[in-house]
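Asks: If you read the protein sequences in the order shown, they are chains A and B.
Sequential numbering from 1 applies to the first sequence in my numbering.
Sequential numbering from 1001 applies to the second sequence in my numbering.
It is possible that some hints are incorrect.
Claimed, not checked - In silico EDC-like links for lysine to aspartate or glutamate, alpha-carbon gap of 20 Å or less:
1. A:K205 x A:E216
2. A:K113 x B:D1246
3. A:K113 x A:E124
4. A:K205 x A:E397
5. A:K205 x B:D1144
6. A:K205 x A:D236
Stated by the list, open to error - Over 12 Å on every C-beta distance to chain A, these chain B residues come out as not near it, computed from the model:
7. L1055
8. I1368
9. V1371
If you're looking for bench data, these hints aren't it; they were derived computationally from the structure.
Ideal Cβ positions, reconstructed from N, Cα and C, are used throughout, including at glycine.
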Amino acid sequence: MPSRTLATAPLALLLSMPLHAAPDPADWDAVLDEARGQTVYWNAWAGDTRTNRYIEWVNQRMQDEHDVTVVHVKLDDTSAAVSRVLAEKSAGNREDGSIDLIWINGENFAAMKAADLLFGPFAERLPNFALTYPEHNPEVVTDFTLPTEGFEAPWGKAQITFYHDSAEIESPPRDIEALLAWAEANPGRFTYPRIPDFTGSTFLKQALIALSDADEALYAPVEESDFAAVTAPLWDYLDSLHPHLWRGGRQFPASGPEMRNLMSDGELALAFTFNPSEPAAAVADFELPATTRSYVLDGGTLGNVHFVAIPFNSPHKAGAMVVADFLLSPEAQARKQDLAMWGDRTVLDVARLDEQAQALFALDEENPAMLPADALAQTLPEPHPSWMTALQEAWRERYVRN
Amino acid sequence: MILRLAPALIVTLLVGPILAGLAMAILPAFGYLPALGGNAFSLAPWRQLFAQPGLWRSVAISLASGLVTTAVSLVVVLLFQAAATGSRLDHWIRRLVSPLLSIPHAAAAFGLAFLIAPSGLMARLVSPGLTGWERPPDLLIVQDPWGLSLMAGLIIKEIPFLLLMSLAALPQLDPQRRVAIARSLGYRPTIAWLKVVAPVLYPLIRLPVYAVIAYATSVVDVALILGPTLPPTLSVSILTWFNDPDLSRRFMASAGAVLQLGVTASALATWWCLERLVARLGRGWINRGGRQSGEQPLRLVGKGLILFAALTAFVGIGSLALNSVAGFWRFPDALPQGFTAAHWLRAVPALSRPVTSTAIIAAASTLIAVVLTLAALENEQRTGHPPAQGRLLSALGLLYLPLIVPQIAFLFGLVVVMESLGTRPQHGLVIFGHLLFVLPYVFLSLSEAYRRFDPRWSRLALTLGASRNATFWRVRLPMLTAPLLTAMAVGLAVSIGQYLPTQLLGAGRVSTVTTEAVALAAGGNRRVIGVWALVQACLPLVGFTIAIGLPRLIWSQRRGMRGVP
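Between the sequences and the hints, there should be enough to build the whole structure, so can you do that?
Replies: Written out as C-alpha cells, the structure is:
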C-alpha cells in the first residue's frame, strides 16, 4: 500500500531523531535519573477493585519515592493491549507507543515475544530481582514452560483453589474423579468458565494432567505428541461430566468472577478460582457467606506466576523499569499479599530475606475462608502454552453448537 | 461563504474515516497485512472463518436479533401512539422518554439480566412462597441460545429511541386533523391513527428504523451481557478474534468484520422487502374500510406493551441501585440482609478523573456536532434546497453512514489508519471518534424541527430590515432553543455511551465512566457494576434535565417556546 508508506516514512524519520538509545538497567542510577518526571501507562486487567486499589497505592508510592506517575490503563482483557502494540507496530510506530507496562503471562506473553513486541532483556538486572532467588525458584523465570529470558519481571503468584459453602457441603470432592461422582450426586451445582476463558482453560489442563498418564508430553510443544490420544481421557471425562453441570452443560459462565457470582447467588455449591485469596476477599465484600472455605485438590493444583513486561516501543522504558523494580521490593510485595489490600501471593523467597523484610510478611490474621499456609505447597507447573491453544480449539470443536 | 462548505465538511469528516477504516478491514480479510507477514492476497482468512464452529448459527442470531428487535420495537411504538395519543398515559410516557433514552445500553442490559435470571429479583420476590424454590432453579433464561433475552434487552432500549424520533416527526403531519377526519367517517380512534397517520409517519422515521436494524445486528456490549454464548453473536466473535493473543487470527477477524457488514446489509435488504410486503398488505387493509374491528384489543396491547417495557427498564435500574448498597444478599431473600455504603465509598475517589474526561469529551463532540448541524441546516434554508426526506442516498444522507455501518467493521481498521497518519491517542482523537456517532444523532434530532420552522418568522424579520445573520441569531435560534437543547442532550447521551471508539482510539488511556464500567464489569461483582452503571446512567440524565428545565426557566413568560411536553 504505497499511500501508507508515503505517509509514514517522513514521520518515522521525524520521530526517531530526538530519541536516544534505550536505558540500560546495568547503570541503575542512570535509569532512576531518566525515570524522574516520567508518566508510566500501565495496562492491567481491572476487573477487581482490590487490584485497582493496589495499583493506585503503587502510583502514590512511586510519586513520593521516584517522581514517577503511574497511570492505570484499565483493561477488561489483556489481549486488547497485545492487539494495540501490534496495531502500533503495523503502523510503523517504533518509538512512541501508548503502553509502557503490561500485566501479562502465558499465551499473551508467548504471542508478544514471538512477534518481537517486547523490550528486553531487563528483568534479571532489576536490583530487587535477586530477592526472588531464581536458582531456587525456577517458576519466576519460567512462564508456561517458556523461559522468560528477562523479557518480563515476576510480580505475583496464582494457583487453582476450590471453594465451597461449608454450611452446605461438609466434604467436598478432593480429586478430579471424585468431582465427577460429586457432580452426579449434585446435578447443576458445579460448572467451569467457558473456554477460551483463562480459568476455564486451566480447569481443562488440571483435569488433563490428572487423567492422562502422558504428563511429560504436556511440557513439550503439542506438535510433538499425538494430541488425540493424549487428550482422549479428558473428552471422555467431560462428556460424562457435562450433563451434570449447571444448566446441563449447555451454558457456561464467562469467567472466574462470573462463577463467583453464581456461588454468591446460591446457583453453584462448589467453584474454583485462580486467586487463592479471592474467596476470603469476597466474604469481606459481602459476596460470599461467612461459612465459605477453600481447599486445594489432593496431589496439588496448577499454579503460575504473573509478570509485568515492557513493549518494544514504550517511550518511558526507564520509568517502567523503576516501577517493575518497585513491585519486586519487599515493601510492595508484602503490601500486595496483605488481604486487606489485595491478597496476591508474593514471588519473593521470603525464607531467604533478611529478618526485617521477613517481618513485613508476617501475616497474623486467621481468616477461615483462607487456605492454610501449607496448602499451596503442592503446585503443578503449567504445561507448554501450545497445549492451551490446542485444548481451546478442540473444546470449541466439540461443544459449540453448529 | 463558509456555510456552503458545511455539508461537504460533514460528509468528508464522517465518510472519510469510515471508508478508510473499512479499507483496512478488507485488505487483511484477503490476507494483506504486511506487519503480520501477510504480503500477498489470499482467501485463507475466509476459509479459516468458515471453518469456525458455530459460525452460521452466530450469523443467524445476529440477523434474527436485528430484524426481530426492530419489528417488535416499531410495532410497540406505533401501537402505543395509535392507542394512547392524548391520553394521560401518553403524557406520562412522553415524560419518561428522555430518562429511558439516557440509560446506557449496558446498564439496561445488566438491570434486565438481574431481573430475569433464575436467581434474579423476580424469582427472589416470589420464592420460596409461591414457587417453593429454596435455591435458584436450573433454567436457561439469560444468554439463551436463541438470543431471546438479547432481543428483549435491545427492545427495551430501542423503543424510547423510535418513540422520540416519531414524536419529533409527528407535528409536521398534523395528526389530530387527520384522525379527526377519519373519525368523522366513523373510524374508531386507534384504527383511525393506524390507517391515516402510520402510513405517512413511517417514511419519516425510516432512517432511524434502519439505524436500529444496523445497531441490533452488530451490537457488542449488550450481546456480551445478554446474548448467547456457544456460539455468541457474530459481533462478539469478531471482537474476541481481534483481541486474540494469537495474532494470526487478525486476518480471520477482518474477514469476520467484512462478513458482519454483509449480515447487516442483508438484514437491511430483508427489511426493505418486508416493507414492500407490509405496504401491499396494509393497503388492502385500509381499502377494505373496516372501521371498528380490533379497536379494543389494539388499544389494550398498545398501552400494555409500552408500559411493560418502561416498567422493566426502570425496575432493572432500580435493582442495580439496590445491589450497589447491598450487604450480603442470598437467594431467595427478596431484600439484602443489610445495607452498606462501602461500594460507593470505594468508588468515589476513583470517579473524578473518568467523570471529568467523560464530560469534556461529550461536551466537545456535542458542541462541534451542533455547530456543524446548524451550519448545514442554515445553509439549506438559505439556498432553499431541503433534501428529500427519509431518503438514504441524498448527499447529506451519507451523514447517516456511521449509523448503518457496524462499528466493529471499521473501528479496528480506523485505529491502524490513525496510527499511520501519526496521530497519537489522546482526548482529541477520541472526541473525533465520538463525533462520528454524535453528529448523525444530533442531525437526526434537530433537522425536523429546523426544517419545519415556520418560514414566515424569518421573512418577517427580513422585511423589518434584519440581516440574514441577525435573523438566525435573534429569531431562529432563540425560538428553537427547546429542540436544540434536546438534540444536545441526545448528543451527550450518545457520546457518554460509547465504548469501542473510546477504548480503541484512546488506547485505553482516555478513561470515561463507560470504559471504567466495562472494565469493572469484567470482575463480575454485581455491587460494583451497580455503582458504575448508576453513575453512567446519571450523567446523561443531567443533560436531559437541563434540556427540559432550561427552556422553562428562560422562557418562563412564553409558554409556546418551552417545547414538549
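Asks: Compare the structure with each hint and give your call.
Replies: Status of each hint after checking the structure:
1. For the proposed pair K205 (chain A) and E216 (chain A), the alpha carbon gap of about 13 Å is at most 20 Å, so the pair holds.
2. Using a Cα cut-off of 20 Å, the hinted pair K113 (chain A) and D1246 (chain B) holds, with the two alpha carbons roughly 11 Å apart.
3. Distance hint between K113 (chain A) and E124 (chain A) is fulfilled; the C-alpha atoms sit about 16 Å from each other, no more than 20 Å.
4. Between K205 (chain A) and E397 (chain A) the CA atoms are separated by roughly 17 Å; this keeps the pair inside 20 Å, and the hint holds.
5. For the proposed pair K205 (chain A) and D1144 (chain B), the alpha carbon gap of about 28 Å is over 20 Å, so the pair is violated.
6. A distance of roughly 14 Å separates the Cα atoms of K205 (chain A) and D236 (chain A); the hinted pair therefore holds under the 20 Å criterion.
7. Some Cβ of chain A comes within 12 Å of the Cβ of L1055 (chain B); the nearest lies about 8 Å off, and the non-interface call is violated.
8. With a least beta-carbon separation of about 24 Å from chain A, I1368 (chain B) lies farther than 12 Å from that chain, consistent with its non-interface assignment.
9. The non-interface label for V1371 (chain B) is consistent with chain A: the shortest C-beta to C-beta separation is roughly 29 Å, beyond 12 Å.
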